[in-house]
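Chemist: Here the protein sequences line up with chains A and B, keeping their order. No gaps in the numbering here: position 21 of the first sequence is 21 in the working numbering, and each next residue is one more. For the working numbering, add 195 to where a residue sits in the second sequence, where the first one is 1.
Please note that a few of the clues may not be correct.
[What the hints assert, rightly or not] Ranges between beta-carbon positions, derived for each pair:
#1 Arg171/A x Arg822/B: 21 to 31 angstroms
#2 Leu389/B x Asp143/A: 33 to 43 angstroms
#3 Pro585/B x Pro59/A: 40 to 50 angstroms
#4 Ser499/B x Pro63/A: 22 to 32 angstroms
#5 Ala393/B x Arg146/A: 31 to 41 angstroms
#6 Arg171/A x Leu786/B: 32 to 42 angstroms
#7 Ala393/B x Asp143/A: 48 to 58 angstroms
#8 Arg91/A x Arg520/B: 48 to 58 angstroms
#9 Gly173/A x Trp588/B: 47 to 57 angstroms
#10 His540/B x Arg90/A: 14 to 24 angstroms
#11 Arg90/A x Gln430/B: 46 to 56 angstroms
#12 Pro63/A x Arg520/B: 45 to 55 angstroms
#13 Arg822/B x Pro63/A: 21 to 31 angstroms
No lab work stands behind these hints: they were computed from the structure. Bear in mind that the values here come from a model prediction, so they are computed numbers and not experimental data. From the three backbone atoms N, C-alpha and C, an ideal C-beta is built for every residue, glycine too.
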Amino acid sequence: MALLTPGASPILLARCLLALGCTTALAAEARAQESPAAPAQEVKAAYLLNFTRYVDWPPGSFPDTDAPVNVCVLGENAFSGILRQTVQGRRSRGRPVRVLEPDAPSQAADCHVAFVAGQPHEIRAWLTALRRSPALTVGDGPDFVRRGGMVGFVVVHQTLRFEIDAAAVRRAGLQISSRVLALATRVSGEPELPR
Amino acid sequence: MLKRRGVLALAFATWVALATPRPAGAQQPAAGAPDVADLDIEELGRIHVTSVSRRPELASRATAAVFVITREDIRSSGASSIPEALRLAPGLQVARVTARDWSITARGFAEQSPNKLLVLVDGRAIYSPLFAGTFWDVQNVVMEDVDRIEVILGPGATLWGSNAVNGVINVITRSAADTRSRLLAVHAGTAEHLNASARYGTALGATGALRVYGNFRDRAPSHLADGDLGKDDWQQGQGGFRADLDAGPRDRLTFQGDLYAASGGQDVRRAVLGPPFTELVADDLDANGGNLLARWSRELGEASELQVQAYYDRSVRKLPSSYGRIAVDIADIDLQHRFPLGRRHDFIWGLGYRLNTDTVSGTFPTALDPGGRTTHLATGFAQDEIELAPDRWYVTLGAKLEHNDFTGLELQPNVRVLWLPKPGHTFWSAVSRAVRIPSRLDADVRFVTQVLPTSPLAIVRVVGNEDFNSEELVSLEGGYRALLHPTVSADLSLYYGWYDRIRSITPLAPFAEGGLVVQPLRVDNDARGHSWGGTLAATWQASPALRLQGSYTLLKMAIESTEDAPPGSFPNVNPGYNPEHQAALRSALTLPRGLDLDLALRYVGELPQPRVPGYVEADARLGWNARPGLTLSLVGRDLLHEQHAEFSSQPQREIQRRGELQLEWRF
Numbered sequence: 001m002a003l004l005t006p007g008a009s010p011i012l013l014a015r016c017l018l019a020l021g022c023t024t025a026l027a028a029e030a031r032a033q034e035s036p037a038a039p040a041q042e043v044k045a046a047y048l049l050n051f052t053r054y055v056d057w058p059p060g061s062f063p064d065t066d067a068p069v070n071v072c073v074l075g076e077n078a079f080s081g082i083l084r085q086t087v088q089g090r091r092s093r094g095r096p097v098r099v100l101e102p103d104a105p106s107q108a109a110d111c112h113v114a115f116v117a118g119q120p121h122e123i124r125a126w127l128t129a130l131r132r133s134p135a136l137t138v139g140d141g142p143d144f145v146r147r148g149g150m151v152g153f154v155v156v157h158q159t160l161r162f163e164i165d166a167a168a169v170r171r172a173g174l175q176i177s178s179r180v181l182a183l184a185t186r187v188s189g190e191p192e193l194p195r
Numbered sequence: 196m197l198k199r200r201g202v203l204a205l206a207f208a209t210w211v212a213l214a215t216p217r218p219a220g221a222q223q224p225a226a227g228a229p230d231v232a233d234l235d236i237e238e239l240g241r242i243h244v245t246s247v248s249r250r251p252e253l254a255s256r257a258t259a260a261v262f263v264i265t266r267e268d269i270r271s272s273g274a275s276s277i278p279e280a281l282r283l284a285p286g287l288q289v290a291r292v293t294a295r296d297w298s299i300t301a302r303g304f305a306e307q308s309p310n311k312l313l314v315l316v317d318g319r320a321i322y323s324p325l326f327a328g329t330f331w332d333v334q335n336v337v338m339e340d341v342d343r344i345e346v347i348l349g350p351g352a353t354l355w356g357s358n359a360v361n362g363v364i365n366v367i368t369r370s371a372a373d374t375r376s377r378l379l380a381v382h383a384g385t386a387e388h389l390n391a392s393a394r395y396g397t398a399l400g401a402t403g404a405l406r407v408y409g410n411f412r413d414r415a416p417s418h419l420a421d422g423d424l425g426k427d428d429w430q431q432g433q434g435g436f437r438a439d440l441d442a443g444p445r446d447r448l449t450f451q452g453d454l455y456a457a458s459g460g461q462d463v464r465r466a467v468l469g470p471p472f473t474e475l476v477a478d479d480l481d482a483n484g485g486n487l488l489a490r491w492s493r494e495l496g497e498a499s500e501l502q503v504q505a506y507y508d509r510s511v512r513k514l515p516s517s518y519g520r521i522a523v524d525i526a527d528i529d530l531q532h533r534f535p536l537g538r539r540h541d542f543i544w545g546l547g548y549r550l551n552t553d554t555v556s557g558t559f560p561t562a563l564d565p566g567g568r569t570t571h572l573a574t575g576f577a578q579d580e581i582e583l584a585p586d587r588w589y590v591t592l593g594a595k596l597e598h599n600d601f602t603g604l605e606l607q608p609n610v611r612v613l614w615l616p617k618p619g620h621t622f623w624s625a626v627s628r629a630v631r632i633p634s635r636l637d638a639d640v641r642f643v644t645q646v647l648p649t650s651p652l653a654i655v656r657v658v659g660n661e662d663f664n665s666e667e668l669v670s671l672e673g674g675y676r677a678l679l680h681p682t683v684s685a686d687l688s689l690y691y692g693w694y695d696r697i698r699s700i701t702p703l704a705p706f707a708e709g710g711l712v713v714q715p716l717r718v719d720n721d722a723r724g725h726s727w728g729g730t731l732a733a734t735w736q737a738s739p740a741l742r743l744q745g746s747y748t749l750l751k752m753a754i755e756s757t758e759d760a761p762p763g764s765f766p767n768v769n770p771g772y773n774p775e776h777q778a779a780l781r782s783a784l785t786l787p788r789g790l791d792l793d794l795a796l797r798y799v800g801e802l803p804q805p806r807v808p809g810y811v812e813a814d815a816r817l818g819w820n821a822r823p824g825l826t827l828s829l830v831g832r833d834l835l836h837e838q839h840a841e842f843s844s845q846p847q848r849e850i851q852r853r854g855e856l857q858l859e860w861r862f
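Work the whole structure out from these sequences, hints included.
Modeler: As structure tokens, this is what we get:
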């Protein structure tokens, strides 16, 4: 991806000493070389599908109990094909998963997970538009989190990982599972965890 | 000619085991990869990521020469019409004949209106069963609503049916769920005077969506070689809608339709029964039509789906100086079912039926006899993709059986093999048979091409042949796709095609009729030939901001009369309309401040006979993405020459250098 940048291993290690995902994360590092390989786009799509399974949205975010989880792709249309293929026939806690590609900020209100890419000013504009919706915003690189996004993918030793701004997640009224937090290479704005 | 979008979609997904046709991209897991979508979140963190390029590069498991033109490609090319966008596909032959007409084909057999390329818009065939070919002028799709265009070079008849001989083009528009915004798009330029679209999109219930659009375009006439203006200007108004609804958790419904009316002109050189015996007429050309399509699909499980699609399509063209009024009505219904059979089989089968009714009013110089006709086409197909060795060897066996009113049963089978020796490398090969079934013109035309000033007057008349048989292709193809480096991918496809029963003309004995001597020229099948060649395409994501793409296409083609052809018979296919070499280079550069700079250079070799010189031309686009939803572009086309010809025409047209300003505003 355009904005993928190498992640910071020391942070991973530091988190590992304290947090839940320690063994998993270190094992992942160790096994990366012998692990199966896949294009980053596919792994990213699989993460997005997984995120939908570990986020609780505020009441009223779904019109009914059968309504689909909307995963939006904003500003990066080359990615949506793989994402559609990834979610096809798969469910998220009983709900169907629907990939949407809103082409204007006015359309983004019903996104539950939003993957945002593009140039910095576009990303900022989309994030501003998404403030009105309870969407988990996901993008590329630590810069994405710094710009106000919630989850930013990073490449660590050729594996795809992510950083999370837990405070931003909370502000949007979302609850994200500790299982996901444990896998993050870095969790910012998370006062309840010891530093 | 028989398959429709979703249907297609399905079929193709199975066939090529490629994501393409569904609302999906052009990539499948690289060979050897697990299905990452089934991994849990901890396992994902262990996957070694291979490619970090900005877009999916490879239709890596396709067993055909496939190229997908994405929305991003279309936007960065500034294409205002489908034919312009098709220039982006390596291997296609795209030539502008007049301001409205395009000659678009693959793997040879170019003519003013090539007849061996099947074109569909959202699963609706727009290939004319009357003329055999596509009227590009009325195919007016709002470019901003196109999701992607899938281009398949080579035969696709097993899935798409007859007339998918040299290729298939699938234009797929976006789901209404993705176009719930309002859109205002205006292209204004020196040749495409105006192409303005307005779209209103809205949610429909909890998960449904609807869009309604209107479009108007006004095209300037082309320039003639001598500097005069042609008469081929074109104005078209169009409106339509698309609704996508969820009817329960597993059922999806799509309804869509379009209505259009167009008028323009054309220069027709036609025979007349008296001095000067031939004249150039500035004729009016009016067209109108519409279509309505409904599609229901039900997800039956993972990799299992049932789909039913039906559509009605009407098109009317009025050409007073030749065919008169032509009206064609098509009703089509199609069912398709895909399901896994055991662990190793991905099975798909389908049934279809199509009704064509037409009337043609012209009498002189062009008539059809009978003037109206109703024909039926019934089809069934089955195809199985078999996993011989997981993620390594796959073989696909399939056949389509069709019945048409002209030639009866046609069997169009194919065998396709896929080999994935290691991640990032794909070999495929295929043998297939495809036919072009007779059109109404082949069977029923009466066309006076020439009046000879003898005494008594003599006319040369092309006469259709009730016994005209299907033209046949047996094709051997193969290809190799490779991810050579995380940022470099390459795609090579090669083919050899044996063509038989190709259309020919047989002069028959002259006879007297109403005080005239008639020299009949009968349409026959007494030619054959071959074509071979290949396309090499490569993409290099040089940096996150710069993508370079290059392609080269070689085409060799020969046609001859068969040994048992009657004396005087000659082929009705002209290899001289085809360039031996084509090449293209494109660059897409993302600049700071939301600017995009896109450059495209293309070379098309000489068309030998009638000679059209080879040319190099360049397009450029400077786009400014002011904010999400608002883009302004300045587009320059064919910038290297004041004007140039792309195809021979009577009178000869040339395409001018031109500029266009484009505004796209979604809100």
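Chemist: Confirm or reject each hint.
Modeler: The hints, checked one at a time:
1. Arg171/A x Arg822/B: 21 to 31 angstroms: Since Arg171/A and Arg822/B have Cβ atoms about 24 angstroms apart, the given range 21 to 31 angstroms holds.
2. Leu389/B x Asp143/A: 33 to 43 angstroms: Given a distance of about 41 angstroms, which is inside 33 to 43 angstroms, the answer is holds.
3. Pro585/B x Pro59/A: 40 to 50 angstroms: Once the Cβ atoms are compared, 45 angstroms apart, the range 40 to 50 angstroms for Pro59/A and Pro585/B holds.
4. Ser499/B x Pro63/A: 22 to 32 angstroms: With Cβ atoms ~27 angstroms apart, the hint holds.
5. Ala393/B x Arg146/A: 31 to 41 angstroms: With Cβ atoms ~39 angstroms apart, the hint holds.
6. Arg171/A x Leu786/B: 32 to 42 angstroms: holds, 33 angstroms
7. Ala393/B x Asp143/A: 48 to 58 angstroms: At 37 angstroms between Cβs, range violated.
8. Arg91/A x Arg520/B: 48 to 58 angstroms: The hint (48 to 58 angstroms, Cβ to Cβ) holds, given that Arg91/A and Arg520/B are roughly 54 angstroms apart.
9. Gly173/A x Trp588/B: 47 to 57 angstroms: holds, 50 angstroms
10. His540/B x Arg90/A: 14 to 24 angstroms: Because 21 angstroms falls inside the window, the suggested range holds.
11. Arg90/A x Gln430/B: 46 to 56 angstroms: holds, 48 angstroms
12. Pro63/A x Arg520/B: 45 to 55 angstroms: With a Cβ separation near 50 angstroms, Pro63/A and Arg520/B satisfy 45 to 55 angstroms, so the hint holds.
13. Arg822/B x Pro63/A: 21 to 31 angstroms: At 29 angstroms between Cβs, range holds.
Checked against the numbered hints given earlier, this structure breaks only hint 7.
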